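Input sequences plus hints: build the corresponding full structure.
Chains as they are written, first to last, in my numbering: chain V, 1 to 470; chain B, 471 to 693.
No lab work stands behind these hints, which were simulated from the structure alone.
Treat each hint with caution, since some may be false.
[Stated by the list, open to error] Once the Cα atoms are required to be at most 27 Å apart in a straight line, the calculated DSS-like pairs of lysine-lysine come out as:
1. 316(V) with 613(B)
2. 531(B) with 584(B)
3. 472(B) with 49(V)
4. 660(B) with 316(V)
5. 476(B) with 584(B)
6. 472(B) with 636(B)
7. 660(B) with 636(B)
8. 545(B) with 163(V)
9. 613(B) with 49(V)
[Unchecked claim] Stretches of chain V that chain B covers, calculated by requiring three or more beta carbons in the stretch to come under 8 Å of a beta carbon on chain B:
10. 29-38
11. 111-118
12. 189-199
13. 257-266
14. 432-443
In this text the structure is predicted, and so the values were computed from the model without any measurement.
Just so you know, even glycine gets a beta-carbon here, dropped at the ideal spot from N, CA and C.
Next come the chains, spelled out residue by residue.
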Amino acid sequence: MPATLFDKVWDRHVVTGDDQTALLYIDRHLVHEVTSPQAFEGLRLAGRKVRRPDLTFATPDHNVPTDNQLDIREPMSRRQVETLRSNCREFGLTLYDVGSGRQGIVHVIGPELGITLPGLTIVCGDSHTSTHGAFGALAFGIGTSEVEHVLATQTLMQGARPKSLGIEVMGRLPEGLGPKDIILAIIRRIGTGGGTGCVIEYHGSAISSLSMEGRMTICNMSIEGGARAGLIAPDETTFEYIATGERPFAPRGQALEAAIADWKTLRTEDSSQFDERVSIDASRLVPQVTWGTNPGMTVDVTARVPEPDDVPFASKEDARRALDYMGLQPGTPIMDIPVDVVFIGSCTNGRIEDLRVAARVFAGRKVAPGVRALVVPGSEAVRAQAHAEGLDRVFEAAGAEWRLSGCSMCLAMNPDKLTPGQRAASTSNRNFEGRQGPGGRTHLVSPAMAAAAAVTGRFADVRQLLDQEA
Amino acid sequence: MKAFTKERGTLALLDWSDVNTDVIIPARYLKRIERTGYGPLLFADKRYVAGGAPPVDDPVKGGALDTAFPLNQPKYEKASILVVGKNFGCGSSREHAVWAVEQAGFRVMIAPGKNEGFADIFEGNALNNGLLVVELSDDDWSKVAQAARADAPIEADVDLGTNVLKVFAADGAFSVRFDLAEGPRQKLLKGLDAIGETLQHAMAISRYEQGAPPWAARPGVSV
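Below, the structure written as structure tokens:
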């Protein structure tokens, strides 16, 4: 009898195999323009077809401009998006193109469309596929050779079963903090390699009280802790999300009832069964800000930039290189660091709830002089919802740019990028060197903290801004 | 995939931890739809002087090399065995990172720490491309890294048939054993086509599909 949620989902999908290798069936395959062209080319060269076009869903997200999506002026970006279009036509795949009303970041539209469901295996040529684990799916990123393998066979050959890492998050998250603060605190605790070889299951009262959007933010960054995937057991919050709204690929009617009965069994019976365990008290957290060049290099907003010999998981030399790149002096209070750009969006924090949180901070305030603030919805559906709630007017009244949907400045494959030396407060997932543009300096924060930085012009403790309202 | 049995080559050392895939190959080069031509793009924002990284639409044209970047030392010029720090390849799933390493002339990578040396996705991608990734104990890795710090090029033999790495260090040759799971090892030794191998299980895959619950097997099902 498998003991953990992960074991249950894994075991259900073994087509053939033993302890050392397993051929896993893949239930859903998400495809975007960046990591798929070479895979389709491989199929063509070998004369192979896509085995299950009905389980394969595509959308362009990384390259699309967020000012005018229909006019990709950068030739290399345009060629890549057009290649996705022609590959989808040739192989008979469903494509959610720009202007369809359902385009968006692949990890935002999967759940919106009901493609993402509990108990499934979901892959995509994209490391943030871990996002879908928020539904109790086993979801992970793969390389392009594996994309080709899944297109051709609807399976993946896997080595020995990953270990399980149970991360319990207890207590009530204080006002002004969000799921992003939880996951940054977790990565800070375990390090960027702490989850290597593991699948994480997040559990505990601070997890089960989160909305699906919040759970997605947590699972999304599992990969930043090195984990193969991150899961959260499905519950009433999950079922409610799936059962409501316009989700063409979610089961309905009797099929949904049967599914929910099954999904209720997808839980870890006994948390002592995890191979490794970590526990975090959410009630003691303060807003988190990264100072360095990986997501483990995180401190409290109330703290200072650390000394190079006081950085967990990094050698003194590695820490010094990070400080140099970031242009920071040890001992500088985080709240003394000015920002040039604020980016609110990405598959981590580009959902409606994230925009609501940011709008609450922007309301009645102005973006500080000299600061550029971009708000980029994760999908066309999120953008439409934000319009319906009037959030766009809040952003524009504050002086922030309200953009069209896509990955945008998270990785700067479209025209939204930092210039060398610019410093950003970003709700995205990676503060790697050059991630948001060559020479750009990224600090990862929650949407509330990003909005607070935008209106203050430097990092600020959003709890103080919210106190002023009360 | 081409087979890997053994490699005789020289060592190069990049003694940095947590080298992520954005550093290995910046995202802007992922706009290319080709599978080749990534060699000059390896470490593009580190390897060339400021402003010297190749343009996205013409990746062969890099500027002058930055002499401060460790891999640009003349002694490493012809290296085919790349020794790196812990958690190499963390971050994105881009296989372009492996293509860049391999197309820059490396056939073997060596990192410290069992299950800690390479990030999971990078490791899988490497093995799918015939690039051997070896994780050594910290002690063994330190010996290899120290050898690579010599002033002259240091040769090494990597034999996947015997799982032995022999380093011809400046102060005398030494050998260390390495492990690789038997599945990937056999795949590398035989250079098997992964898709072709899996398609031998086509019957089992069809049987699995017939047994899957409707909500999993048919997106949008209502009965």
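For the stretch 111-118 of chain V, do at least 3 residues have a Cβ located nearer than 8 Å to some Cβ of chain B?
Since three or more residues must qualify, the claim that chain B covers the stretch 111-118 of chain V holds, with 3 doing so at under 8 Å.
Holds or violated: residue 660(B) to residue 316(V), with C-alpha atoms at most 27 Å apart
Violated, at about 42 Å.
Would you check the hint for residue 316(V) and residue 613(B), treating anything up to 27 Å between C-alpha atoms as holding?
It holds: about 21 Å lies between the C-alpha atoms, which stays within 27 Å.
Stated coverage of the stretch 432-443 of chain V by chain B [criterion: 3+ residues, CB within 8 Å]:
That given contact holds, which follows from 5 residues of the stretch 432-443 of chain V lying within Cβ reach (below 8 Å) of chain B.
Taking 8 Å as the C-beta cutoff, is the stated coverage of the stretch 29-38 of chain V by chain B satisfied by three or more residues?
holds (count 4)
Check, residue by residue, whether the stretch 189-199 of chain V contains three or more positions whose beta-carbon lies closer than 8 Å to a beta-carbon of chain B, and give the verdict.
holds (count 4)
Quick check: the stretch 257-266 of chain V, covered by chain B? Criterion 3+ residues, Cβ under 8 Å.
Result for this restraint: holds, n = 3.
Pair hint residue 531(B) and residue 584(B), alpha-carbon separation not exceeding 27 Å
violated, 38 Å
Given the proposed pairing of residue 660(B) with residue 636(B), does the C-alpha separation stay at or below 27 Å?
holds, 22 Å
Pairwise hint evaluation, residue 636(B) against residue 472(B), where the allowed Cα distance is 27 Å at most
Holds. Residue 472(B) to residue 636(B) sits at ~23 Å (cutoff 27 Å).
Is the hinted pair residue 613(B) and residue 49(V) satisfied, with a Cα-Cα distance of at most 27 Å?
The given pair, whose Cα atoms are some 48 Å apart, is violated under the 27 Å limit.
Is residue 472(B) within 27 Å of residue 49(V), Cα to Cα?
At roughly 23 Å apart (the allowed maximum being 27 Å), residue 49(V) and residue 472(B) satisfy the hint.
Checked against the numbered hints given earlier, this structure breaks hints 2, 4, 8, 9; the rest are met.
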